[in-house]
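The primary structure of each chain is shown beneath.
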Amino acid sequence: MRDRDSRAGNKLIRLPRWLTSEHPFPWLFPASAMLIVFGLYPVLYSLWLSMFKRNPATRIETFRPSWNWSKVFADDRVIDAVSVTLTYTFIALTIQLVLGLGIALLLDSDRKGFGLLRSLMILPLVVPPAVTGMMFLLMYDGSFGVISHMLYGLGLLSPSTPILAGGTSALWGVIIADVWQWTPFMVLIMLAGLRALPKDPFEAAAIDGATDMQAFFRLTLPMMSKIIALAVLIRGIDLFRIYDYIKVMTDSGPGTATETLTAYAGTIYFKNADFPYASTVALFTLILVVIIANLFIKIFKVRF
Amino acid sequence: MHDSTLKLTLRYLVSILIVGIFVFPIAWWGLTSVKPISAVFDKDRIVVFDFEPTLENYRVTVLGYSKRGSKEDGKTLMGTSGNNSYDGRSSIVSSVIVAVGSTLITTIVALLASYGLSRMRFWGSQGYLNWILSQRFLPPVAIIVPLVFIFHDMGLRDTHAGLIIAHTLINIPIAVLLLKSFMDDIPIDIDQAAMIDGATRFQCFWMVILPMVKGGLAATAVLCFVFSWTEFLLSLFLTSSIRTIPVKITTYVTSTGSEWGYISALGTSAILPSFIFILLVQRHLVRGLTMGAIKD
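Residue numbers (the numbering used here), protein chains in the order written: chain A, 1 to 304; chain B, 1001 to 1296.
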């Protein structure tokens, strides 16, 4: 009741207004402090680190602001990693979007049993990505993996080349794990979108004799465009920063065939202990994410 | 609505088939966890189910029995088990501490911030929201190197407290935006009525708004728990002896081979709690995953 007294003006110690609950400051302070100290400060620290040149032999770091940045743009592995990251993001996103929309249309029914099916669809979302990676490692195993076994049976794969041993097939192997885990995310969002659609236009279209196909392309898709853009943005950014599956399943291999930008940054950190260069590659990733995401938001007018 | 029987049957079949494909890896994983070692590695019996189901893998990973079946001294195991031990108990304890701790802190901090953002208009509030949103899109790898240094200097490296802070950091943006969307659903007249009756802002938040966002708060807490429970990258970099379950599991893969029985047993145990939690708040899941952008 102290605050009420201070309002009436008969209190001994009067807090300045910005410290009372009438002012936004106390409400926002804990979250802001947290995000500044452990979110903003590390990014600035990263930027500072990226300006040092590390001598791998002597481990001495000298201040050379442009050294690492010119190295990033001349590093073939960075260029490779950008292309792997973009390929991965594009393929996985396309598959997840198409599958997600298709499965949502299929499961969008009030009939008996579909509720259970929708609940089961959530299951992959709660599996830790590292565990997902392990699951697929087990199923891909060249000698006793069940997926490999099926592919041998279908004649699509020969036992001499396990899935994760070939460059292209390894990338597909990781993409399939990602698709398995995150298609349900798309399904859930698309289902929410479908449920929110108004009924009238569809009834009108049916009266006018429109086929299901026409109704889908002329009504459903345009009316869902905002939700689709939002889902693509969230998923796309997460795909672009993919790390867990790569680390667990292929560790960027074979060679550097599945090395994404974040995986490369991790490799520099763990294997070379070149912290300044690792920071530079990580910041480079951040800059790319910001540019691509903002372009997307501008073009498709996404709003949160 | 007016599907023919044939069309409906077909729809059921295709739906069950597709959902079945998505459930299959987890079912296979669960099956592997109750297979005796000999059956896991037998390439002639991959899809043949003639094995005696065993809980041996769970005894070793979850209950901490030694491989031979005799119970080892729990105290030394909990404290000193190295990364190559198959006893997963300490990792389960770590995961629970970190997930519960970060969920608690995140929800408290985010509740305050979301009330401020939902109920007060101030200079730069839209910019502030965008800044919080941008934090959600920050690749953890971009802050990991300095975070390791900062944590080292603050004595937070390889501690539960440190990991709790790290997970709180990645969860705050989601939690703030989500809770704000739930609070935005409550008409502002309710606050005004309470304040006309003499309530302060804080009383209004504590006694009026908080009870009204209980459902949304539960959904937010569950999502924070699941994100922390499944997080891998930060846990991998920021700890060395404390191992959360996702990191611990990857240490079961060794140069001499992978202990698939143990891996799948610990993995299955890790999936169960989050699935149960998620089912409880299924109604708000879409809103949670889109940080409040899509209301359900």
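Keep in mind that the hints were calculated from the coordinates and are not lab data.
Be careful, since some hints might not be right.
What the hints assert, rightly or not - Sample of chain B residues facing chain A (criterion: CB under 7 angstroms; computed from the structure): (1) 1037; (2) 1137; (3) 1201; (4) 1227.
To be verified - Only pairs whose alpha carbons sit at most 35 angstroms apart, straight line, appear in this in silico DSBU-like list of lysine-lysine: (5) 71(A) / 1214(B); (6) 1214(B) / 1007(B); (7) 226(A) / 1214(B); (8) 1214(B) / 271(A); (9) 112(A) / 1295(B); (10) 1007(B) / 298(A); (11) 199(A) / 298(A); (12) 1295(B) / 226(A).
Glycine included, each C-beta is placed from N, C-alpha and C at the ideal position.
_Indices of hints not satisfied (ascending)_ = 1, 4, 5, 6, 8 and 10
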